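Visitor: Protein chains in written order, with my numbering: chain Z, 1 to 382; chain X, 383 to 909; chain B, 910 to 1098.
It is worth saying that the hints were derived from the structure and are not from the lab. Incorrect hints may have been included.
[Claimed, not checked] Once the Cα atoms are required to be at most 20 Å apart in a straight line, the calculated DMTMM-like pairs of lysine to aspartate or glutamate come out as: (1) X/K871 x X/E798; (2) X/K865 x X/E798; (3) B/K1012 x Z/E140; (4) Z/K73 x X/E879.
[As the list claims (entries may be wrong)] Under 10 Å between C-beta atoms, here's a sample of chain Z residues computed to sit facing chain B: (5) I152; (6) I186; (7) D194; (8) N216.
All figures in this text were calculated on a predicted structure; none of them were measured in a lab. Every residue, glycine too, gets a C-beta built ideally from N, C-alpha and C.
Chain residues, written in single-letter form:
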Amino acid sequence: MLSKAKLWLGLALSTLMFWSASLQAAWELNMPRGVTQISRDTYDLHMTIFWWVVAIGVVVFGVMLWSIINHRKSNGAKPASFHESTKVEIVWTLIPFAILIMMAIPATRVLTDAYDTSGSELDIQITGYQWRWEYTYMRENMDEEEVSFFSILSTSREEISNDIDKSENYLLDVDRPLVIPTDTRIRFLMTSADVIHSWWVPDFAIKKDTIPGFINETWTVVDEPGIYRGQCAELCGMEHGFMPIVVHALPPEEYQAWYAEQQQAAAGIRELAAAEMTMDDAMSQGEQIYNQNCVACHQADGVGMPPVFPALAGSPKATGDRLVTIDTLVNGVEGTSMAAYGRQLNPIQLAAVITFVRNAFGNDTGDLVQPTDVNAYIQEGQ
Amino acid sequence: MSAAHDHHHGPAKGISRWLFTTNHKDIGTMYLLFSFAMFLLGGTFALVIRAELFQPGLQFVEPNFFNQMTTMHGLIMVFGAVMPAFVGLANWMIPLMIGAPDMALPRMNNWSFWILPFAFAMMVSTLFMEGGGPNFGWTFYAPLSTTYGPPSTTFFIFAVHILGASSIMGAINVIATILNMRAPGMTLMKMPLFVWTWLITAYLLIAVMPVLAGVVTMMLFDIHFGTAFFDAAGGGDPVLFQHLFWFFGHPEVYIMILPAFGIVSAIIPTFARKRLFGYESMVYATASIAFLSFIVWAHHMFTVGMPLAGQLFFMYATMLIAVPTGVKVFNWVATMFRGSMTFETPMLFAIAFVVLFTIGGFTGVMLAITPVDFQYHDTYFVVAHFHYVLVPGAVFSIMAATYYWLPKWTGYMYDENLGKLHFWLSFIGVNVLFFPQHFLGLAGMPRRIPDYALQFADFNWISSVGGFLFGFSQLILVYIVYKCARGGKPASAQVWEGAQGLEWTVPSPAPYHTFETPPDPALIKAP
Amino acid sequence: MKTDKAPSKNKTVVTKLSFAVVGMFAFGFALVPLYDVICDITGLNGKTSNLVVQAEAGEIIDESREITVQFIARESADMGWGFTPSAAQVKVKPGEVNMISYKVTNSSDKVMVGQAIPSVAPNAAAGHLNKVECFCFEEQILQPGESADMPLRFFVDPALSADISKLTLSYTLYDITEKSDKLKALAAR
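This is chain Z alone, in the form it adopts within the complex (with noise of 0.2 Å):
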């Protein structure tokens, strides 16, 4: 009696999962259809490869439950003599052999798909660094403004660390999206400016892996306008769960409004870099930068993990020689995870945050950097 009560337990479990399975797939805890002819024809190709094996489980599993039901000894079940058989052993080897090539046929037409790069309209550069993404539209010539940026993380630490409330889109938000056109045949050149990360955005079916030092290509041409996010899906360290990928699809017009008034932008903050800013607004850039950039590891209050995150409070780099803060910033800290902003941030951003560092905490130097300054160590060294 017993026994029988937990056959159907196990009988019960059995299907629950299979037709869960099958019930999820009608919802969104499925991949993704996305929204490209690769990401489709991923889609299908997944959902074929399941049910085939779903099939193959329904058989066996069901011959196992009618032998587990009715050859039990408690029935009086006497065992069979039977233990090799050539022919039988030759069946189940072919049929699944065939089923496999039923399967690799499709798998290898995909597979050609989506590693045909040629014919791109737009190439743009995508580069993988700790724990954030820079993007750089590819130009035909230098004379043309170059559009750069870095993307990152922009949920707020106080969500993450459960202060506050989390936002829609936790962990899956950023400051600058990649903006791209739709219906237009786009290639990414991708690589890595320190350890191996990946970019992957499920909506598109890609996901490449960047590799210091060396050059992946891959391609999309995305059907719909929307916005579409992905993550890292390589462990980069220590912050690799926090640096999304967020896409903004626009259509053609839209988007090459968009890309003038980026090369707009970036002019301008050339212009910018060459004023000078006050006190105040150095402060108070500076602290939003802070709070976006630096506060994970040196932490809201300045006083970091030591040793691996030092101190900014009271330190000798934030309130000693001011061209050693500037260095800090621009060039890293070699053989730590100390970043050169000098790339990621513009010498207005990198003037504001400077200036943060060396008057916040209670470091006090009354010390104003401007954004000359930071140039001409840039350009000079001094």
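We have chain Z already, so just place chains X and B on it with the hints.
Guide: Okay, now just chains X and B, sitting in the frame of chain Z:
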């Protein structure tokens, strides 16, 4: 004159017995107890992970410590729990199964064991070193592990060298024992499948553990001696690391499952009271799996940027492994079919193995399909896949083996009701823990992250509940083993009605020295 | 009990297996140059060769095709050097020798040595990008504040697969001052 009375006085007393023993039963026991302790330690790290992932947000640990937990959980389970457990079972059972008095190289056997606790003490101590322990995943890819690794990485490398040496010595011992010490009449095609699977596993170990040693040596050189194996700046390539690691790594996962196949192939015939179906086919299938395991490594690297031809080759080769694996599953089912089955605890674990390992195999076929792998790779779908084949796969087979052979080891029957309780709680726990992870991966949750977006919350808390259920259920097994060692209903030599094989011809508990004279060849029958 | 034969049988097996172990350890190391050789021959990881390829006089130029070659320049983040190509892209015909230059500036206050490492996408094109003269062949020593225009003369092999009409050549510039043999040789003089 009984062999037990001549120059042996029985085992030594006290701690010297265990430090200096060359007896395969003692060494087997030490391996098994060590692996159980490591299983509980690795499991504790897993519970830290599941506790943090119970809800979105960072509640308990810093991301860097979380990365240490995932890394150490993997290293300890692979190298400290699963592999030593199988070596322990090999030590205990292979000589008994082939009618040999002991392993071929008993003193090397002792050495193989005792360097393990030392290596793991070193590895675990890195958690307390400055900068923390290894935090780069058990797969320790360069340059994260070389240029960007913590100072303790050097100790991690030494620990890997030592446990690699232990595995290699163990493998040499197994091969020499099986090739040279079979009793007369025990031809290769009459050996129990557990012995066959271990023979093949031992050859795999010989082939790939040295490559792992080479990889970590190259790492050591890159870190300390200015070489650039994996550094583009010096003309090296981080992807080379992955090729070398997975050349070891893929056969490694077969090292962790082939002995399981052997165990299940012993248990199902016993409780079905019917001979294993297709013994020869099973041997060839195992050999095919082992051979194929060498040519599929890059299926762990489909997103690395390999050229199309390479991707296609590895896709086809990986899909091919499903064929001999499927053959084995069909053979087990055919063994059950028209048998006369009873469902004691070993059989419950063995049947669960067949079902749940096969589910892991199905997701393996899905992962083999390269373009779809672009969506699965480095997500919880992969985590679900390998945990299905390793936990209700390898670990369940080890538990099955423990229940199956515990009466032979201790001389007492374990408590069957507690055993069944342990089984059902583990079965439910393991599925609640890992099945939802398939959905998490499909929905887009990457691996190795301490915090996640809100749409992943539901399945994560379910998985965490399953984790705690499964984890704490293992304490029942601790109690069962302890209780059984202390006493219980005395076990006969035969123990199980349907059991076949030489180990069931000696008394329970097996005497300290067995088969000092070879068994009667008439007792040796093909499984 | 053990027979007399068993110890020597064991010895044979153990010896053979020990050789196998050592052999596999060596094989692991042998895979390193083997990997490089395979990548060189096939261009599989996008590495272009470090060999100078001379353009033959009267090299046949394939007028029917135009290949776009894009240039990317990345310097290591903490190097403090500027690194820019003179052109974002050029359109070339296979067989025709072209030249662009990369401008490098050492904005630091000490002598440094840089090494540029090339990488090409798509991988299949790597073997067909032939460099006649390339700054990547050698370590580059720059004095503090010094700039240099480093030439790259190259041609695309006409055997480039017909389905490739755009390729990207990326250089990553690394600071190898500590390891530089050239610098040490200079210092020794």
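Visitor: Next item in the hint list is Z/N216. Is there a CB on chain B closer than 10 Å to its CB?
Guide: Holds: closest Cβ of chain B sits about 7 Å from Z/N216, inside 10 Å.
Visitor: Can the hint on Z/I186 be confirmed by a CB-to-CB distance to chain B that is less than 10 Å?
Guide: 13 Å, violated
Visitor: Assess, step by step, whether the Cα of X/K871 is no farther than 20 Å from the Cα of X/E798, and give holds or violated.
Guide: Between X/K871 and X/E798 the Cα gap is close to 11 Å, so the pair holds against 20 Å.
Visitor: Between the alpha carbons of Z/K73 and X/E879, is the straight-line distance 20 Å or under?
Guide: 12 Å, holds
Visitor: Against chain B, is Z/D194 within 10 Å by beta-carbon distance?
Guide: 7 Å, holds
Visitor: Has the given pair, X/K865 with X/E798, been kept, meaning a C-alpha gap of at most 20 Å?
Guide: 12 Å, holds
Visitor: Does Z/I152 pass the interface check with chain B, least Cβ-Cβ distance below 10 Å?
Guide: Violated, because the Cβ-Cβ distance from Z/I152 to chain B comes to roughly 15 Å (cut-off 10 Å).
Visitor: B/K1012 and Z/E140 were given as a pair; does the straight-line alpha-carbon distance stay at or below 20 Å?
Guide: 18 Å, holds
The structure fails hints 5 and 6 (numbered hints given earlier, in ascending order).
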